Amino acid sequence: MKSSSLRAVDLAAPKQQRNWDWRAASNFIAGGAGGGLLLCAALAGLDGFATRAAILLALILIGSGLTCVWFEIGRPWRAMNVYRHFSSSWMTREAVVALAVFGAGGLALLTGASMLVVLAGILGLGFLYSQARILAANKGIPVWRHPASITLMVATGLAEGAGLLAGVAAFTATGPGSALLLGLLVLIAARAWFWKNYLNGLTADGAPDAALRVLDALSPRLLLIGHLLPALVVVVALAGMPGRAMLALAAGVLVVVSGWTLKYTLVRRAAFTQGLSLQRLPVRGKGPAGPAAKPGWKIVHAANKV
Amino acid sequence: MKRYVMTIDLRRCVGCQTCTAACKGANATPPGIQWRRVLDIESGEFPDVRRTFLPVACMHCGNPPCEAVCPTRATTKRADGLVAIDYDLCIGCANCVMACPYDARSIVHEPRYAYGDVPMAAEAKRFDPARIGVSMKCTFCKDRIDLAARTGQIPGVDHEVTPACVNSCISGAMQFGDIEDPDSSVSRMLKETQHYRMHEELGTEPGVYYIWDKS
Numbered sequence: 001m002k003s004s005s006l007r008a009v010d011l012a013a014p015k016q017q018r019n020w021d022w023r024a025a026s027n028f029i030a031g032g033a034g035g036g037l038l039l040c041a042a043l044a045g046l047d048g049f050a051t052r053a054a055i056l057l058a059l060i061l062i063g064s065g066l067t068c069v070w071f072e073i074g075r076p077w078r079a080m081n082v083y084r085h086f087s088s089s090w091m092t093r094e095a096v097v098a099l100a101v102f103g104a105g106g107l108a109l110l111t112g113a114s115m116l117v118v119l120a121g122i123l124g125l126g127f128l129y130s131q132a133r134i135l136a137a138n139k140g141i142p143v144w145r146h147p148a149s150i151t152l153m154v155a156t157g158l159a160e161g162a163g164l165l166a167g168v169a170a171f172t173a174t175g176p177g178s179a180l181l182l183g184l185l186v187l188i189a190a191r192a193w194f195w196k197n198y199l200n201g202l203t204a205d206g207a208p209d210a211a212l213r214v215l216d217a218l219s220p221r222l223l224l225i226g227h228l229l230p231a232l233v234v235v236v237a238l239a240g241m242p243g244r245a246m247l248a249l250a251a252g253v254l255v256v257v258s259g260w261t262l263k264y265t266l267v268r269r270a271a272f273t274q275g276l277s278l279q280r281l282p283v284r285g286k287g288p289a290g291p292a293a294k295p296g297w298k299i300v301h302a303a304n305k306v
Numbered sequence: 001m002k003r004y005v006m007t008i009d010l011r012r013c014v015g016c017q018t019c020t021a022a023c024k025g026a027n028a029t030p031p032g033i034q035w036r037r038v039l040d041i042e043s044g045e046f047p048d049v050r051r052t053f054l055p056v057a058c059m060h061c062g063n064p065p066c067e068a069v070c071p072t073r074a075t076t077k078r079a080d081g082l083v084a085i086d087y088d089l090c091i092g093c094a095n096c097v098m099a100c101p102y103d104a105r106s107i108v109h110e111p112r113y114a115y116g117d118v119p120m121a122a123e124a125k126r127f128d129p130a131r132i133g134v135s136m137k138c139t140f141c142k143d144r145i146d147l148a149a150r151t152g153q154i155p156g157v158d159h160e161v162t163p164a165c166v167n168s169c170i171s172g173a174m175q176f177g178d179i180e181d182p183d184s185s186v187s188r189m190l191k192e193t194q195h196y197r198m199h200e201e202l203g204t205e206p207g208v209y210y211i212w213d214k215s
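Note that the protein sequences, when read in sequence, are chains Y and V. Our numbering applies: residue 1 is where the first sequence begins, and numbers increase by one. Our numbering applies: residue 1 is where the second sequence begins, and numbers increase by one.
Bear in mind the hints are in silico, worked out from the structure with no lab data behind them. Mixed in with the good hints there might be a few duds.
[To be verified] Here are the computed lysine-lysine pairs in the DSSO-like style, where the Cα-Cα straight-line distance is at most 30 Å: (1) Lys2(V) with Lys77(V); (2) Lys24(V) with Lys15(Y); (3) Lys15(Y) with Lys142(V); (4) Lys196(Y) with Lys286(Y); (5) Lys286(Y) with Lys214(V).
Since we're looking at a predicted model, the values are computed, not measured.
Next up, chain Y with everything else stripped away, as it sits in the complex (with noise of 0.2 Å):
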């Protein structure tokens, strides 16, 4: 198929989406973090100040997103609506769940009770699981519907939260233990693995030229600064360097300032829409019917093929 130039691009082309905005994004970045921070608090065994301070950070997150989200909505004053579809929109289902983590979370606060902590970080799992499916949802944003997205999403949430935890843990007595700091090590591995896996998963199976562009530009700084930087610091950690709560939360401060770049970039700035495409030109005259057009994109899949 020969390269097709379109005057129209603006119309036709792959746009970047403008309803979901910093407010959106807010939820899903604070959000994944505090659902990620739940679970990584509720598996650490931490002690209970450490993990009550842990809790109330993540319910703070979650809380905050929520509240970003509202200020976004075109009609606030209806939000109550969004329980109204629970069998097929996960967004319903993340409402649903808050409900439960704050439930959870709150007693478990208040309580320090191990089976409500163990809960809240289950339902923890379950917020930041449903925020993933919400974008894989959108067939409109194909960086969001690609299946890989779900798993990036999660790993980088667990991440946060691993980081955030990090954190925390370093302020108190004991410090970070050997063990949060081994599965920080394992979660920013797990992301990197992941991230790989998503960007090679889109560049297989296709996506607007321009959403690549912005995943590529971020690839090398996401390595570095996400990745290799923060593993650095936990393996120095780990090897018994002096100054172990400090390099822990250097490390946390990495591995979330760079998730929330990931979801920032990926909710907002590479998410590009579908466009529109020509799968057959039409006849006209007695010529031959034309190729197909799909302004925006490289990759013309096989049902777009001549």
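Given the coordinates of chain Y, work out where chain V should sit on it, guided by the hints.
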């Protein structure tokens, strides 16, 4: 069971934008919002260059992704195939806007008029506050389809109950009707031609068929 669909003969469309204007007139959409658009696409490389007009709007999908993601059930698929929005339920979360692969939906957060903040008399008369802050899109002129259900008229045949864009099309490129009726104009047209549905690979089962050649 009825399933209303639209056929658009790309061979016939001349890009006159009459359907766009008819839609705007029929539905009083605010400035900058067009439920129906006709894209003017030039493709290929010199000297093999082609110009194609592509009318687009809501595809009234058989498996609408907008309906699945809607947290409020404001978006529903009707028994006759139309995808409708209940403006009184919608919270304007824009999830459906993101789910639609056809750029068919939009949300207007503030009233907009052609000449600044003050509406013209016609705009003031037709302004619908229920459409502010909620998702909106082409309805296939559902009031007309509902009228047909009451009167027994046939959409696609009787102009009073046919979408405004189809009525206005000067070249007869657009047809509307019940695909389950083998004698409807759309069924006959699809039998006689080669056609495709946009982004069908996404599993949306769109209700708009683009005709590109005879069979």
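Going down the list of hints, with the structure as the test:
Taking the CA atoms of Lys2(V) and Lys77(V), the gap is near 13 Å; set against the 30 Å cutoff, the hint holds. For the suggested pair Lys24(V) and Lys15(Y), the alpha carbons sit about 23 Å apart, so the restraint of at most 30 Å is met. Note on Lys15(Y) and Lys142(V): the hinted pairing holds, with a Cα-Cα distance of about 29 Å set against a maximum of 30 Å. Between the alpha carbons of Lys196(Y) and Lys286(Y) the distance comes to roughly 49 Å, so the proposed pair goes past 30 Å and is violated.
For a cut-off of 30 Å, the pair hint linking Lys286(Y) to Lys214(V) stands: about 12 Å separates their Cα positions.
Consistency note: the structure conflicts with earlier hint 4 alone.
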